[in-house]
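Undergrad: All chains, full assembly: derive it from the sequences and hints.
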Amino acid sequence: MVDNPTPRQLVVVGGGMVARRLVDALRARDTAGQWAVTLLCEEPRAPYDRVALTSYFTGRDPEDLALGGQELWDDPLVTLRRGVAATAVDRRSKTVATSDGRVLPYDSLVLATGSYAAVPPVPGKDLRGAFVYRTIDDVADLRTYVEQLRTELGRPLRGAVVGGGLLGLEAAGALTALDVSTTVVEFAPRLMPLQVDDGGGEALRRLIEALGVSVRTGTATSKVTGRLGRVAGMEFADGDRLEADVVVFAVGVRPRDELAREAGLEVGERGGVVVDESCATSDPSVWAVGEVACIGGRCLGLVAPGYTMAEVVVDRLLGGGGTFPGADLSTKLKLLGVDVASFGDAFASEPGSLEVVISDPVAGVYKKLVVSDDARTLRGGILVGDASAYAALRPMVGRELGGDPAAHLLPEGAAAAPAGDLPEDATVCSCNNVTAGAIRCSVTDGGCTDIAGVKACTRAGTSCGSCLPLVKRLVTTELEKSGVEVSNALCEHFDLSRAQLFDVVRVQGLTTFSEIIDRHGRGRGCDICKPVIGSILASLGTGHILEGERASLQDTNDHVMANLQKDGSYSVVPRIPGGEVTPEGLISIGEVAKDFGLYTKITGGQRIDLFGARIEQLPRIWRRLVDAGFESGHAYGKSLRTVKSCVGSTWCRYGVQDSVGLAIALELRYRGLRSPHKIKLGVSGCARECAEARGKDVGVIATDHGWNVYVGGNGGFTPRHAQLLAEDLDTETLVRTIDRFLMYYVRTADRLQRTAAWVEDHEGGLDAIRAVVLEDSLGIGADLDDAMAGHVDGYEDEWAAALDDPETLRRFGSFVNAPDQPDDTLVYVSERGQPRPATDSERTGGAVLIAGTTLEVRR
Amino acid sequence: MTIETTAPADLGVTWHEVCSLKSLSRERGAAALVEGTQVALFRTFDDHVHAVQQLDPFSGANVMSRGIVGTRGSVPTVASPMYKQVFDLRTGACLDPVGKEPRSLTTYPVHVVDGVVSVGLPGGQGAR
Ligand code: SRM
Ligand SMILES: Cc1cc2nc3c(=O)[nH]c(=O)nc-3n(C[C@H](O)[C@H](O)[C@H](O)COP(=O)(O)OP(=O)(O)OC[C@H]3O[C@@H](n4cnc5c(N)ncnc54)[C@H](O)[C@@H]3O)c2cc1C
Ligand code: SF4
Ligand code: FES
Chain A
1 MVDNPTPRQL VVVGGGMVAR RLVDALRARD TAGQWAVTLL CEEPRAPYDR VALTSYFTGR
61 DPEDLALGGQ ELWDDPLVTL RRGVAATAVD RRSKTVATSD GRVLPYDSLV LATGSYAAVP
121 PVPGKDLRGA FVYRTIDDVA DLRTYVEQLR TELGRPLRGA VVGGGLLGLE AAGALTALDV
181 STTVVEFAPR LMPLQVDDGG GEALRRLIEA LGVSVRTGTA TSKVTGRLGR VAGMEFADGD
241 RLEADVVVFA VGVRPRDELA REAGLEVGER GGVVVDESCA TSDPSVWAVG EVACIGGRCL
301 GLVAPGYTMA EVVVDRLLGG GGTFPGADLS TKLKLLGVDV ASFGDAFASE PGSLEVVISD
361 PVAGVYKKLV VSDDARTLRG GILVGDASAY AALRPMVGRE LGGDPAAHLL PEGAAAAPAG
421 DLPEDATVCS CNNVTAGAIR CSVTDGGCTD IAGVKACTRA GTSCGSCLPL VKRLVTTELE
481 KSGVEVSNAL CEHFDLSRAQ LFDVVRVQGL TTFSEIIDRH GRGRGCDICK PVIGSILASL
541 GTGHILEGER ASLQDTNDHV MANLQKDGSY SVVPRIPGGE VTPEGLISIG EVAKDFGLYT
601 KITGGQRIDL FGARIEQLPR IWRRLVDAGF ESGHAYGKSL RTVKSCVGST WCRYGVQDSV
661 GLAIALELRY RGLRSPHKIK LGVSGCAREC AEARGKDVGV IATDHGWNVY VGGNGGFTPR
721 HAQLLAEDLD TETLVRTIDR FLMYYVRTAD RLQRTAAWVE DHEGGLDAIR AVVLEDSLGI
781 GADLDDAMAG HVDGYEDEWA AALDDPETLR RFGSFVNAPD QPDDTLVYVS ERGQPRPATD
841 SERTGGAVLI AGTTLEVRR
Chain V
1 MTIETTAPAD LGVTWHEVCS LKSLSRERGA AALVEGTQVA LFRTFDDHVH AVQQLDPFSG
61 ANVMSRGIVG TRGSVPTVAS PMYKQVFDLR TGACLDPVGK EPRSLTTYPV HVVDGVVSVG
121 LPGGQGAR
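Protein chains in written order, with the numbering used here: chain A, 1 to 859; chain V, 1 to 128.
The set of hints was computed from the structure by calculation and includes no laboratory data. Where a beta carbon is used, it is the ideal one built from N, C-alpha and C, also for glycine. A hint or two may mislead.
[Said to hold, decoys possible] Pair ranges (Cβ atoms, derived):
no.: 1; chain 1: A; residue 1: Asp-107; chain 2: V; residue 2: Gly-36; range: 29 to 37 Å
no.: 2; chain 1: V; residue 1: Pro-122; chain 2: A; residue 2: Asp-820; range: 25 to 33 Å
no.: 3; chain 1: A; residue 1: Ser-514; chain 2: V; residue 2: Glu-17; range: 29 to 37 Å
no.: 4; chain 1: V; residue 1: Gly-60; chain 2: A; residue 2: Asp-797; range: 31 to 39 Å
TA: Next up, the structure:
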């Protein structure tokens with residue numbers, strides 16, 4: 001900051017998302033310190049992420065909704081006044097009066113007061129148990145009410161949400177997360193009438209009903225009925241009734257323009273402070289931004305246009321000439337876990353538009369593109385159920401699509417959009433509104449030379465992180481174009497990439513971290529390179545992962561061979577190859593869980609997870625499991641996880657091969673194989689594919705003649721279907737093919753790169769890999785085979801081996817000076833008959849706690 | 001063997017013997033209970049011992065001793081095992097807040113005399 005003795009005074013009224021963005025942008029750009037800003041925040045907390053409000057119900061702390069860091073509020077030119085409202089504006093004296101009795105002078109004033117949640121004027125709207133859904137306090141009250149009423153009535157609760165738009169579905173998600181069985185009541189004939197058409201609304205209804213939420217469309221609410229002053233039900237215009245213990249109104253919002261009205265500023269016909277394209281009100285020293293601003297004749301209820309307005313005002317305050325470019329009301333939302341996107345001219349209102357629709361009620365997707373009459377130019381679209389094409393399509397609005405429009409709606413077509421060719425104004429990071437152009441520019445003009453620099457400079461990728469792969473691709477392309485060699489250095493300690501390190505370690509026969517870093521790196525490593533080297537050494541079969549110095553390389557989970565949970569306890573997953581388990585096996589797992597007081601759950605990987613084990617209990621738990629014939633399931637490792645199977649020909653009337661038998665054989669073969677990322681396999685007994693093998697890194701599907709093998713599939717953040725590698729293989733060839741595929745991947749992939757991304761990045765793609773694996777085009781086939789044989793012969797159970805080694809066991813003491821003393825901050829409450837970690841409020845509120853420490857029964 | 005102390009001027013602290021230096025592995029932490037306070041001890045490659053709070057300020061779990069020890073430049077560091085924030089072992093300063101608002105660790109003075117590690121807790125008559 002450059003010292004400026006007399007900064008001008010900016011007062012911002014309203015501590016919402018848009019206000020925060022404005023202050024943040026101002027402090028970033030006003031390097032000369034021209035402005036000192038005071039932010040008046042009526043809510044008792046700093047601005048938070050209202051868009052993510054509903055996640056408050058899925059266990060997030062209100063703290064997690066905070067937007068960005070404390071630094072902004074520590075800035076000497078920023079004064080944040082929480083719990084203080086502006087009560088009046090005097091434009092003549094240029095002052096604002098506040099609820100704590102002060103009068104603040106301003107040179108410029110920004111109104112960013114947002115909206116009220118609207119409540120329809122129906123009888124009963126003020127009964128206890130009727131809520132709106134706008135602030136953290138609203139949702140906290142709702143939650144407390146539901147939890148108390150449920151305890152009081154001793155039965156499950158029913159709820160209703162009035163309004164089936166964006167907010168209504170958010171609220172329905174919140175009620176559902178509170179275990180309230182919910183009905184959404186919408187006046188219009190379909191859900192989300194503003195964003196989707198009838199077909200999309202129908203698809204959305206089916207998806208939402210499948211989640212257990214009831215939907216009544218075309219229904220007007222006439223009354224909320226009560227008993228003892230409390231909500232008891234609803235009555236509809238058609239005479240129907242619905243029982244409900246709690247009602248949430250989500251019928252829309254009303255701009256909070258009262259300050260502006262009283263100050264004599266112009267307001268819109270339907271409310272909102274009227275502003276011009278520079279966001280100035282009828283008084284040039286007063287601005288309005290966000291939901292309260294009436295721009296181009298209307299108020300905009302989305303956060304992105306609000307952010308744009310904030311940037312425009314900052315630009316103006318610093319003497320620029322920025323204007324609001326018009327609102328893009330395109331949205332992509334995840335409501336109750338269902339993807340909904342709507343962009344451009346979604347309702348085909350322009351004359352001569354054609355609609356291309358793909359509707360698959362079975363798969364639960366509805367997709368529509370609106371194109372010009374020659375079917376070439378994209379005008380808009382609606383995506384329900386699968387919005388993966390949104391990122392690629394939205395920037396194409398108003399441009400020629402190329403090819404058959406329908407092709408863009410198929411999952412493959414959507415995935416194929418090459419990132420390098422994204423138009424300049426395509427939004428790459430939707431959290432921070434960063435375009436492809438801005439990212440390229442930060443490299444070409446801004447001098448950024450790596451992802452970290454681009455993140456710091458554009459803010460892309462700093463929120464949810466889901467855009468990072470795309471950002472990385474853009475940055476790499478741009479750097480390569482400008483002739484910069486893109487560094488593939490692992491971290492500050494090694495200039496080599498993982499694949500290069502793997503080779504030097506293998507060829508030079510290095511076996512310790514100290515040797516490797518002395519010869520090829522510098523310093524003493526970090527949390528990036530240490531686990532990578534731990535994994536390389538393990539892949540090369542150099543002994544137990546916790547032996548000697550190697551113990552210090554392992555990431556959290558590997559280091560104790562269990563999975564760290566949020567409270568610092570661990571989960572334990574014994575291997576259940578192919579998902580096949582005997583009744584005796586199930587009983588022993590059950591007994592271990594019972595004796596140690598562990599929470600049990602069936603995982604998505606066809607096995608059983610035992611949660612809540614303390615570090616010092618782990619060896620005793622393993623002892624019991626190992627004695628009962630189990631071994632480590634490596635749920636913690638970057639290594640083989642599970643081979644999922646379907647029941648196959650032994651029982652199923654359609655099965656053509658023994659899928660369980662093969663799954664078990666493969667799981668036993670590859671168990672313990674350390675790799676760049678986790679590896680999952682699946683085997684299905686026929687083409688019906690009940691094992692979802694094509695969603696795995698390696699998927700095997702039985703045919704009448706043998707096995708088809710697919711590679712490069714995964715679920716997770718970017719789901720990928722595996723692609724066909726080879727057909728109708730006999731079992732021996734199949735196993736050799738998988739051996740080579742996996743070993744080649746282990747040797748050459750990047751850190752944390754799953755097979756799908758590796759195949760995609762491999763020069764020549766899948767065809768080149770097929771040549772290596774099946775035709776031995778590189779002449780390394782025998783070497784890969786030997787390496788896998790070495791792995792299979794060298795396998796030992798990590799748990800059993802640790803139990804035999806007193807030096808390793810010593811590290812499982814809870815405290816070096818009190819090895820059996822439990823961490824007394826671990827506390828649990830009972831839920832559905834099992835323990836779970838107590839929440840902060842349960843800890844402080846003294847809810848019934850079961851101390852994990854007293855639960856265990858030793859045998 | 002006597003190893004230098006990492007303690008600053010150790011005024012106003014009470015020293016507590018915790019364990020032998022041998023019982024700490026190099027470049028791996030260990031938790032210790034010092035008069036009821038959970039402390040994370042780290043023995044670095046060059047045999048310095050550092051002590052910081054065991055509570056991870058970002059997750060609220062007592063897990064710091066289970067993080068990966070390393071260096072950033074010449075600074076000895078530990079990365080939280082939970083969300084991977086990186087801290088300077090000498091000062092407790094947060095070097096990489098991973099997108100959060102930085103929070104630092106409390107550090108405790110340590111000295112190692114004749115192979116015995118002692119940790120100093122604030123207050124008390126001990127060294128005054
Ligand atoms: C326990 C389990 C959830 C459950 O209760 O069912 C689970 C739990 C975790 N998963 Fe998972 N995943 C589990 C099945 C899955 C599945 C389903 C499957 O395997 O069929 C998937 C999608 C399929 C896939 O992987 O392609 C899945 C995709 C992920 C991902 C995303 C991977 C990706 O490529 O995008 C992560 C994040 C990562 O690994 O970086 C993840 C990470 C995690 C972590 C390790 C997160 C963490 O760091 O704490 C969780 C810890 C496990 C624990 O504490 O024991 N988990 N996870 C499942 C354990 C299966 C098992 O028996 O080993
Ligand atoms: C549950 C939910 C989900 C949403 N999901 C999405 C989504 O997925 N995508 C999307 O784009 N948008 C979404 N929105 C809408 C988005 O949150 C708003 O568009 C955005 O928050 C508007 O920001 P704002 O700063 O204009 O107003 P607000 O965030 O409403 O902030 C205004 C603030 O000003 C304060 N205030 C008002 N008057 C005064 C006064 N006189 N003095 C001091 N302070 C005052 C208020 O208390 C409030 O804190 C969602 C909204 C909700 C409620
Ligand atoms: S995939 Fe085939 S064999 Fe396996 S359960 Fe389904 S129908 Fe049966
Ligand atoms: S899209 Fe969420 S951080 Fe970029």
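Undergrad: So which of those numbered hints doesn't the model satisfy?
TA: 1
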